[in-house]
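Undergrad: Each chain is listed here by its residues.
Protein chains: 2
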Amino acid sequence: MPKLWNETIETHRRDVRHAILAATAALVAERGLLNVTMSQIAEQTGIGRATLYKYFPDVEAILRAWHAEQIAHHLSYLTEVRDQAVGPAQRLKAVLEAFAAISHGAHGHVDTDLVALLHRDEHVGHARERVRHMIRDLLAEAVAAGEVRGDVAPAELAAYCVHALAAAGTLPSKAAVRRLVAVTLAGLRPVG
Amino acid sequence: MPKLWNETIETHRRDVRHAILAATAALVAERGLLNVTMSQIAEQTGIGRATLYKYFPDVEAILRAWHAEQIAHHLSYLTEVRDQAVGPAQRLKAVLEAFAAISHGAHGHVDTDLVALLHRDEHVGHARERVRHMIRDLLAEAVAAGEVRGDVAPAELAAYCVHALAAAGTLPSKAAVRRLVAVTLAGLRPVG
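Quick mapping for you: the protein sequence lines, in order, are chains D and Z. One point on numbering: in my numbering, the residue at position 189 of the first sequence is 189, and numbering is uninterrupted. One point on numbering: in my numbering, the residue at position 149 of the second sequence is 149, and numbering is uninterrupted.
What the hints contain is simulated information worked out from the structure, not anything from laboratory work. Backbone N, C-alpha and C define an ideal beta-carbon position, used for all residues, glycine too. Incorrect hints may appear among the rest.
[Unchecked claim] To spell it out: a stretch of chain Z is covered by chain D in this simulated footprint if at least three of its residues, at any positions, have a beta carbon under 8 Å from a beta carbon of chain D; those stretches are: (1) 146-158; (2) 163-171; (3) 176-183.
[What the hints assert, rightly or not] Partner residues are not named here, just some residues of chain D that face chain Z (Cβ under 10 Å, in silico): (4) V59; (5) L157; (6) A182; (7) T184; (8) A186; (9) R189.
[Said to hold, decoys possible] Some chain Z residues flagged as far from chain D (calculated, every beta-carbon gap over 12 Å): (10) L4; (11) R13; (12) D15; (13) A25; (14) A29; (15) S39; (16) T51; (17) W66; (18) L78; (19) T79; (20) V81; (21) A98; (22) S103; (23) A186; (24) R189.
Taking the hints into account, I'd like the entire structure generated from these sequences.
TA: Pasting the structure below:
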């Protein structure tokens, strides 16, 4: 087959895959993890059941793929936010705000079973570690600039940040999330 | 039967129950959630299998009972710590330190499957809520005394505290946990 044709097939497969993930995420958000079937996903995606099974063996596999995609998006979003901000303090603040916004968005409409299922995955562990490392490096940079307390190791401060900001998932409004970020940042201030 | 005899039986049952919970917790900590059987638990407790089944239908039920007992202990420990400290700032600090110590102790040697299993329980939700409320009330008291920032609602500050201090579960030492408490408290300071 000519190269162009191969590329067209590749693009098509990627599009179908993405549509399956989006349809599944929407159905699970609407009905809960245990109430979604492969037939419903096929219908919502607009493909046949046989085609769906060529892509994924079951609902769980789709959810894991969807979650991996979400996490990849979040990581590249955080990287982008970091690279657009200027100066250590601004970079740190921008990334912590973005991380809190992600936590706020992620937990609002997902059920506990789903969280338990997905968060046992290894890629979640890796992603968490990458975020923690990113924040740790930003903290180290801010400590060097005298903008963050130097009496506690950046890795420990990073653990504090990601845990404190995870509280955003339980907060009702964006205003509350902004206040949470302000409180968390206050904990990081140089000790006078 | 005379009342005394009934009480003796009651005490005996409580002792056996407690021994079962302790034996199970020890076995699970040693072998992991999925590698513990009812036979092993009976043997470790020093009772017959038939007797064990009179108390609990399966390993999961024992673990839930054990966890409920742990949580009850933690709650009464936090209450005791609160009631022994003098003054709003001291009470808050003492309870946050105790909470961090519990988080530090609880997650070190428990596997993820177990955490996922137990944390879906309703009694865990209730216990969490009671802890959050206790901390919220201590924060409100400290705000009134001018010891904690008044620009953020105590309920939001409580969410910040319990999440930030949960980081203690990932920290390697008691010294690191003390630093975490100090950083978390710094976030609460009145805005100058």
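Undergrad: Next step is simple, just say for each hint if it's right about the structure.
TA: Here is how each hint holds up against the structure:
For the region 146-158 of chain Z, the stated coverage by chain D holds: 5 residues have a C-beta nearer than 8 Å to a C-beta of that chain, and at least 3 were required. Against chain D, the region 163-171 of chain Z contributes 7 residues with a C-beta closer than 8 Å to a partner C-beta. That satisfies the three-residue criterion, and the hint holds. Taking a C-beta to C-beta cut-off of 8 Å, the region 176-183 of chain Z contributes 5 residues in contact with chain D, enough for the three needed, and the coverage statement holds. A hinted interface residue such as V59(D) counts as satisfied when its beta carbon comes closer than 10 Å to some beta carbon of chain Z; here the least separation is about 19 Å, so the hint is violated.
A least Cβ separation of about 7 Å between L157(D) and chain Z falls short of the 10 Å threshold, and the interface hint therefore holds. Interface hint at A182(D): satisfied, since its Cβ lies 8 Å from the closest Cβ of chain Z, which is below the 10 Å cut-off. Hint on T184(D) holds. Least Cβ distance to chain Z is approximately 6 Å, under the 10 Å limit. The interface hint given for A186(D) holds, since its Cβ lies 5 Å from the closest Cβ of chain Z, which is under the 10 Å cut-off.
With its C-beta approaching chain Z no nearer than about 7 Å, R189(D) sits inside the 10 Å limit, and its interface hint holds. Residue placement check: L4(Z) keeps its beta carbon more than 12 Å from all beta carbons of chain D (closest about 47 Å). No Cβ of chain D approaches the Cβ of R13(Z) within 12 Å, the least distance being about 33 Å, so the stated non-interface status holds. Chain D leaves D15(Z) outside its interface by the beta-carbon criterion, the shortest separation being 34 Å against a cut-off of 12 Å.
Every Cβ of chain D is farther than 12 Å from the Cβ of A25(Z); the closest lies at roughly 21 Å, confirming the non-interface assignment. Against chain D, the non-interface label of A29(Z) holds: every CB pair exceeds 12 Å, the least being about 19 Å. No beta-carbon of chain D is positioned within 12 Å of the beta-carbon of S39(Z); the least distance is around 28 Å. Against chain D, the non-interface label of T51(Z) holds: every CB pair exceeds 12 Å, the least being about 33 Å.
At roughly 19 Å from the closest C-beta of chain D, the C-beta of W66(Z) stays outside 12 Å, upholding its exclusion from the interface. Consistency note on L78(Z): stated as away from chain D, and its beta-carbon is indeed over 12 Å from all of that chain's, at 19 Å minimum. Taking the minimum C-beta to C-beta distance to chain D, about 23 Å, the non-interface status of T79(Z) holds against the 12 Å cut. Non-interface status of V81(Z) relative to chain D is upheld: no Cβ of that chain comes within 12 Å, the nearest being about 21 Å off.
Every CB of chain D is more than 12 Å from the CB of A98(Z) (nearest about 17 Å), matching its label as outside the interface. Taking the minimum C-beta to C-beta distance to chain D, about 10 Å, the non-interface status of S103(Z) is violated against the 12 Å cut. For A186(Z), the non-interface assignment is contradicted: its Cβ lies about 5 Å from the closest Cβ of chain D, within the 12 Å cut-off. Taking the minimum C-beta to C-beta distance to chain D, about 7 Å, the non-interface status of R189(Z) is violated against the 12 Å cut.
Checked against the numbered hints given earlier, the structure breaks hints 4, 22, 23 and 24 and satisfies all the rest.
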